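Mapping of the sequence shown onto our numbering: position 82 corresponds to residue 82, and the numbering continues sequentially without gaps.
These are computed hints drawn from the structure, not numbers from a lab. Misleading hints may appear alongside valid ones.
[Unchecked claim] The list that follows gives simulated cross-link-like pairs (lysine-lysine, BS3-like), each with its CA atoms no further than 27 Å apart:
1) K181 / K150
2) K150 / K186
3) K181 / K30
4) K30 / K150
5) K186 / K102
6) K102 / K181
All figures in this text were calculated on a predicted structure; none of them were measured in a lab.
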Amino acid sequence: MQIRWHGRGGQGVVTAARLLGRAAAVYGGKFAQSFPSFGTERRGAPVTAFTRLADGPLRDRSQIYRPDWVVVLDASLLGGGDIWQGLGPGGCALVNVPPPLKVSPPSDVNLYRLDAAGMAREILGTLLVNTAMVGALAGLTGWVNLEAVKRATADLLPAAAVEENWRLVEASFRWGEEVRKGRREK
Numbered sequence: 001m002q003i004r005w006h007g008r009g010g011q012g013v014v015t016a017a018r019l020l021g022r023a024a025a026v027y028g029g030k031f032a033q034s035f036p037s038f039g040t041e042r043r044g045a046p047v048t049a050f051t052r053l054a055d056g057p058l059r060d061r062s063q064i065y066r067p068d069w070v071v072v073l074d075a076s077l078l079g080g081g082d083i084w085q086g087l088g089p090g091g092c093a094l095v096n097v098p099p100p101l102k103v104s105p106p107s108d109v110n111l112y113r114l115d116a117a118g119m120a121r122e123i124l125g126t127l128l129v130n131t132a133m134v135g136a137l138a139g140l141t142g143w144v145n146l147e148a149v150k151r152a153t154a155d156l157l158p159a160a161a162v163e164e165n166w167r168l169v170e171a172s173f174r175w176g177e178e179v180r181k182g183r184r185e186k
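Kindly produce the complete structure, drawing on both the sequences and the hints.
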């Protein structure tokens with residue numbers, strides 16, 4: 001499975017990619033790669049990162065050009081054509097978008113909208129949505145279980161931020177799981 005992450009510098013895009021990869025590889029029994037794509041990015045500039053997951057060894061070390069999933073942490077990036085590039089028919093997109101905002105991916109893309117910023121504001125008191133998006137993606141796909149994501153969160157985040165991020169991961173994972181099981185609209 002190949003995931004391309006989009007966000008802005010300082011939003012934790014690279015951490016999100018690493019977090020999912022660590023949860024899958026260290027605690028989920030999968031093989032994983034996660035890596036950023038850096039240019040001259042600075043805080044607030046668009047950033048892209050990648051996660052590749054598999055049941056067996058991964059030999060491809062290239063950038064992901066045809067993702068199965070696109071995850072967008074910042075809705076202000078949706079106007080750029082690069083977001084949907086390479087996402088083929090049946091591909092999926094998870095977008096952090098507040099309820100009134102309209103999102104227009106290609107018609108053959110499965111779109112999942114989550115107000116991750118609202119969840120983060122309520123639980124963390126900030127707009128940092130990276131752990132919410134990882135939790136939601138894990139819940140939507142079932143590739144990685146909740147416990148694996150929580151353990152990877154404890155590994156990668158500062159100790160003072162772990163418990164409240166666990167609450168955010170739990171809430172977003174439950175959302176994703178409910179959508180996957182058809183108990184909630186996407």
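Hint check:
Among the hinted pairs, K181 with K150 is consistent with the structure: their alpha-carbon atoms are about 21 Å apart, no more than 27 Å. Of the supplied pair hints, the one linking K150 and K186 holds, its CA atoms being roughly 23 Å apart against a limit of 27 Å. Distance hint between K181 and K30 is fulfilled; the C-alpha atoms sit about 23 Å from each other, no more than 27 Å. For the given pair, K30 sits about 16 Å from K150 by alpha-carbon distance, which is consistent with the 27 Å threshold.
Proposed proximity of K186 and K102 is supported: the alpha carbons are some 14 Å apart, at most 27 Å. Between K102 and K181 the CA atoms are separated by roughly 24 Å; this keeps the pair inside 27 Å, and the hint holds.
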